[in-house]
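Residue numbers (the numbering used here), protein chains in the order written: chain G, 1 to 133; chain Z, 1001 to 1275.
Derived from the structure by calculation, the hints contain no laboratory data. Each residue gets a CB set at the ideal place from its N, CA and C atoms; glycine is no exception. You may find that some hints are simply not true.
[Stated by the list, open to error] To list a few chain G residues with every Cβ distance to chain Z over 10 Å, as calculated:
no.: 1; residue: 28
no.: 2; residue: 30
no.: 3; residue: 31
no.: 4; residue: 42
no.: 5; residue: 46
no.: 6; residue: 49
no.: 7; residue: 51
no.: 8; residue: 65
no.: 9; residue: 69
no.: 10; residue: 71
no.: 11; residue: 74
no.: 12; residue: 103
no.: 13; residue: 107
no.: 14; residue: 114
no.: 15; residue: 116
no.: 16; residue: 121
[Said to hold, decoys possible] Simulated restraints on C-beta separations:
no.: 17; chain 1: G; residue 1: 124; chain 2: Z; residue 2: 1231; range: 49 to 57 Å
no.: 18; chain 1: Z; residue 1: 1072; chain 2: G; residue 2: 33; range: 38 to 46 Å
no.: 19; chain 1: G; residue 1: 91; chain 2: Z; residue 2: 1263; range: 22 to 30 Å
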Amino acid sequence: MKTSVVIGYAGLILTLATVPARAHHSAAGIDQTKQVTVVGTVKEFKWANPHSWIDLDVTDDKGETKVWSIEMTAPAYLARAGWKSTTIKPGDKVTVKVRPFRNGDPGGLFVDITLPDGRVLGQAPAAPRTPSQ
Amino acid sequence: MKTPGRVIAFACMLAFVLGAAPAMLAQEPVRPPQPGSSEPPAPLGALAKANLAKPRPKPPFDLTGTWFIDQRNSQNTWRFNPTGPFKLTPAAQVHYDAAKQARAEGKVYRDDIGQCWPAGLPIIMTRVWPIAMIQQPTAIYMISGFMNSLRTIFLDGRPHSDPDIVVASFNGESIGTWEGETLVVDTKYFVNDHHWIDSGIPASDQLHIVERIKLVNNGNTLEIEYTMTDPKSWEGDWKVTKRWTRVEDTDIAEVSCLPDLNQHMPSTQSKDNVR
């Protein structure tokens, strides 16, 4: 399918500072100031610790298809945002927002997804909902 | 002739003197050698029944629970960035400068954790994952949700291990003692590579950490004052205080750095990772 890639400057969002910590690797290779929207077809969705991920087939305006590797957080935080392991499956047409890799590789850190039924799912903050006071 | 009652009383007293009394008085819990054996007494494991049953003063608090680094005032409380006067050794400064340059170029410097090396103390305590803590009279077991890293703090009176026998590790060997309302934990015997206090600040086998642990806020906040020395990496004491919040709606899960999953992550495989 034809896709669109939209790049916007979202500005620094403080919550993103948690990403390199709750991920198991550094996020220095991520451009935290940008947000990219890609439309594509789910190739694979992995529900796993410490990261889930989406591999998305994205076709540009020239008809070239590349796999975007979109790194997500742990399933526990995704579940808090309404995700299940069955939320998406190969073949689903979705729109995904990511913080892109600085080096231009196709992919980045997950921000949110628009599902085929129109629902939008993100990922919950790492901090627990009910800390004791 | 002695009466049967006096014989029994004497036997009980003898058994106490030969058995229970030394175990109660000795600082290091040990299993007595078998009769006739030339082997030295073996130390008791922290979960040995005889060790757990040994009379001890009631501890001032119980850390049992699930804890999460307190980020309510700042998202960056998990980091160990030195503040105030702080001087790295020349060898460590090389790493610090290289990491700084890598960041400026949008690259990642020596992200060993991303390559599945353990995070190690102290940053394993502050990674933004829950930590389950289980306190027994003889030890505290801490299991991080981050790679299920296990840390044990021994409370049973044992000394640090023989340096010629101990196996260096990323979390080191922790011995805790109670000082009033504070648990003082002394940790050493760390590995000498692939271990970082924070990005570009290496930890060495000379790292020594003293933690003063308190429970505050009616037992719902865990506070640790760190004093860290590592003459291979920095001069003098590095002091920092961190806080954790007790959380009631979270458990830790099985989390492993699996080769196939890790190789799938562009962030860990990128050519922009400076090794």
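Against the structure, the hints:
no.: 1; hint: 28; verdict: violated (5 Å)
no.: 2; hint: 30; verdict: violated (8 Å)
no.: 3; hint: 31; verdict: violated (7 Å)
no.: 4; hint: 42; verdict: holds (15 Å)
no.: 5; hint: 46; verdict: violated (7 Å)
no.: 6; hint: 49; verdict: violated (4 Å)
no.: 7; hint: 51; verdict: violated (7 Å)
no.: 8; hint: 65; verdict: holds (17 Å)
no.: 9; hint: 69; verdict: violated (5 Å)
no.: 10; hint: 71; verdict: violated (6 Å)
no.: 11; hint: 74; verdict: violated (7 Å)
no.: 12; hint: 103; verdict: violated (5 Å)
no.: 13; hint: 107; verdict: violated (5 Å)
no.: 14; hint: 114; verdict: holds (22 Å)
no.: 15; hint: 116; verdict: holds (24 Å)
no.: 16; hint: 121; verdict: holds (20 Å)
no.: 17; hint: G:124 - Z:1231: 49 to 57 Å; verdict: violated (43 Å)
no.: 18; hint: Z:1072 - G:33: 38 to 46 Å; verdict: violated (25 Å)
no.: 19; hint: G:91 - Z:1263: 22 to 30 Å; verdict: holds (25 Å)
Violated hints for the displayed structure, listed by number in ascending order: 1, 2, 3, 5, 6, 7, 9, 10, 11, 12, 13, 17 and 18.
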